[in-house]
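K.L.:
Using the sequences and the hints, build the whole thing.
2 protein chains.
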Amino acid sequence: MNTSDFKNSSQQIPNRLLLGPGPSNTPPRVLTAMNQPMLGYLDPVFLELMDETMELLRGVFGTENQLTFPVSATGSAGMEATLCNLIEPGDEIIVCVNGFFGARIADIVKRCRGKLHVVEGDWGNIIDPEDVENKLNAVNAKIVCIVHAETSTGVLQPLDDISAMAKRNDALLLVDCVTSLGGVPVNLDASGIDVAYSCTQKCLGGPPGLSPVSFSDRAVEIIHKRKTEIQSFYLDMRLLSNYWGKERVYHHTAPISMNYAINEALKLVEEEGLTQRYHRHQLHSQALAAGLESIGIERIAQEGHRAPMLTSVSIPDGVDDAGIRRRLLEEYNIEIGGGLGVFKGKAWRIGLMGESCRKESVIRLLSALEDLLPDVTQLAAVEAAEKVYAAE
Amino acid sequence: MNTSDFKNSSQQIPNRLLLGPGPSNTPPRVLTAMNQPMLGYLDPVFLELMDETMELLRGVFGTENQLTFPVSATGSAGMEATLCNLIEPGDEIIVCVNGFFGARIADIVKRCRGKLHVVEGDWGNIIDPEDVENKLNAVNAKIVCIVHAETSTGVLQPLDDISAMAKRNDALLLVDCVTSLGGVPVNLDASGIDVAYSCTQKCLGGPPGLSPVSFSDRAVEIIHKRKTEIQSFYLDMRLLSNYWGKERVYHHTAPISMNYAINEALKLVEEEGLTQRYHRHQLHSQALAAGLESIGIERIAQEGHRAPMLTSVSIPDGVDDAGIRRRLLEEYNIEIGGGLGVFKGKAWRIGLMGESCRKESVIRLLSALEDLLPDVTQLAAVEAAEKVYAAE
Chain A
3 MNTSDFKNSS QQIPNRLLLG PGPSNTPPRV LTAMNQPMLG YLDPVFLELM DETMELLRGV
63 FGTENQLTFP VSATGSAGME ATLCNLIEPG DEIIVCVNGF FGARIADIVK RCRGKLHVVE
123 GDWGNIIDPE DVENKLNAVN AKIVCIVHAE TSTGVLQPLD DISAMAKRND ALLLVDCVTS
183 LGGVPVNLDA SGIDVAYSCT QKCLGGPPGL SPVSFSDRAV EIIHKRKTEI QSFYLDMRLL
243 SNYWGKERVY HHTAPISMNY AINEALKLVE EEGLTQRYHR HQLHSQALAA GLESIGIERI
303 AQEGHRAPML TSVSIPDGVD DAGIRRRLLE EYNIEIGGGL GVFKGKAWRI GLMGESCRKE
363 SVIRLLSALE DLLPDVTQLA AVEAAEKVYA AE
Chain B
3 MNTSDFKNSS QQIPNRLLLG PGPSNTPPRV LTAMNQPMLG YLDPVFLELM DETMELLRGV
63 FGTENQLTFP VSATGSAGME ATLCNLIEPG DEIIVCVNGF FGARIADIVK RCRGKLHVVE
123 GDWGNIIDPE DVENKLNAVN AKIVCIVHAE TSTGVLQPLD DISAMAKRND ALLLVDCVTS
183 LGGVPVNLDA SGIDVAYSCT QKCLGGPPGL SPVSFSDRAV EIIHKRKTEI QSFYLDMRLL
243 SNYWGKERVY HHTAPISMNY AINEALKLVE EEGLTQRYHR HQLHSQALAA GLESIGIERI
303 AQEGHRAPML TSVSIPDGVD DAGIRRRLLE EYNIEIGGGL GVFKGKAWRI GLMGESCRKE
363 SVIRLLSALE DLLPDVTQLA AVEAAEKVYA AE
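Top to bottom, those sequences are chains A and B.
The first sequence: position 336 = 338 (the numbering used here), numbered continuously.
The second sequence: position 88 = 90 (the numbering used here), numbered continuously.
Each hint should be verified, as a subset may be incorrect.
Identical chains share a label here; the pair holds if one copy fits it or two copies do between them.
Capping the alpha-carbon separation at 27 Å, the derived lysine-lysine pairs in BS3-like fashion look like this [stated by the list, open to error]:
no., residue 1, residue 2
1, K229, K361
2, K348, K248
3, K137, K112
4, K389, K137
Derived by calculation from the structure, the hints in this document are not laboratory data.
P.N.:
Pasting the structure below:
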């Protein structure tokens, strides 16, 4: 490489409309927050911002859990953090798998040397609570793990029955809220969810880089009573809670700018109000669905259990998956997601999350698809979406 | 908490001069890079930026190692990433411990179920290569781990002898370059270092949030031949190398803004030139030392083995550690670091790293110390520093 290639170069980052599975577009106020001067990780001003972020996160998680803070890495690290702190070798763990991220939880359970028990569901369908009950009756489970909104399928899992079952069997309920948090209600305390993790770059509208987690007091107690060492130092909650708690004991250098960003993103969530934010995700999702259906693009997720922030659709017969997505990106500056796992090449995943969840996004995407797909009447999809907005 | 507290609030981040153990001040061009629009983690523009970052990192690491990229978490995660990928349960691992971060390596080795063998050194002194040789003769070590610049003591460890010994004993050499990278030469290939990790927020001048790592082909081969699973999913190099390599297989959502930042920070390093950058760290460190000595503040690290970017000093008798550091921060907007571990309450750690490593920093700090410390002649320290600059 010729190093002079870099002289005086500056990055030329295009303005994409991000309608994939995340990241969503980052609001200007959040970008601006990252443009602030650096602080030390023990600076009183930064410590105050940490406390404020914890309180804002409790609000959006719907919890009073003391141990609620953003882990210093992305959502998958949050998944690993919750699991590796709670699981000791040989613990019986039930994992519900009806998509790519349920399978990832199962993978990590094995890496933590838990004894894995899978409850399977079809991709695109919810997990049947009865199957969870049967498994709970068959094994002495310490934890039941389940994904709230499966990013690979667009399914939104009902949690109430499963939460009650876990409680009856004295098992912890651990929920993946990566895609749901900030887009649909996630009421940890009211729903009896003991442990949850999420990300910053989807419905919360931050940049990717942190993973909010929350542990109930009961879960914290289980961590403190472990007989074996937590296998990860970086994700060790006993140590991390001494930095995020009153003790302020150095553990690692927090990603300061990322914390400015999540703090500002959470303030935007707070200012909009959760009810209004959930309504917004619902509305634009309905308009998008109406538009897509009008041009023969069908949703994959089970009816009645569709996550508003992520619409998964079958790619119409004869349509070139990669070709259409490339043209959307290159010619229209719009990103949508391809299929993951068993849906690879068969599905598109369209995200309407956080800042990206707005009427302009729906209209721009439908209009582009009208251009790009064969045998589609111009304006058919846009008009179908407009009807949903008019009825609002 | 009254949620209206947050309405229209904006963060009020003060402009600190960061002269602690890191983060250092972030250059404006790097802050601006983070203020750019979000991209998807498979966007061709982002993939190109990833490739460029890997190439720039190879330059500053002094290596042609293919597997050279920033892990999506802070420096301690880089430490854990290198160790947990290489260590299988029962492997014999030698860890050199003469400070806080050597001790952290030893802790993680145990969490990876490696068989730990410690070579101890006094805090403030280098590790004696002879002690390493003796340990290598006594055990069948798979890896020798050592810290290049100990952030807790300011000691810069010579590596050549130890590298030759490791090679003779067919052990991998794993080096912590968290504080050294970008401030002193780190020539992985020329020095025979097999594995290294660093951070972004010290001498590279980025914000904290990523951890550059580099693995030699030999180390990569060892990872691929493992008989046991890597205990971390998030840090699994076999999976990560499929995202940072040509395959571009989704593993986790990369922290996009952090990658803009490290890319820009590395371009600044490249533009300055490594030789000039190393000289700058040396010069200002000498000026600082001259100033401190002139007012009776003594360095702790062994003479001849002092890391230029981190000067550790004894707190003068009768001086209130926390009080002086608080006044420096509140009245002068200057951060310096307190002591860690056995140096807690006994040492200050003064960093001159990256953007913070400049004459203005030296003069501002010395001048503030002249104000704050008892029985110090005004301008004595500043004049001693100026003499070093004049001789340059």
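K.L.:
Next, verify each hint and record whether it holds.
P.N.:
Checked hints:
1. K229 to K361: neither (53 Å within a copy, 52 Å between copies)
2. K348 to K248: Answer is between; shortest inter-copy Cα gap is 23 Å, intra-copy 50 Å.
3. K137 to K112: Result: close within a single copy only, 18 Å intra versus 35 Å inter.
4. K389 to K137: Intra 45 Å, inter 77 Å, cutoff 27 Å: neither.
In terms of the numbered hints stated before, the structure departs from hints 1 and 4, listed from lowest to highest.
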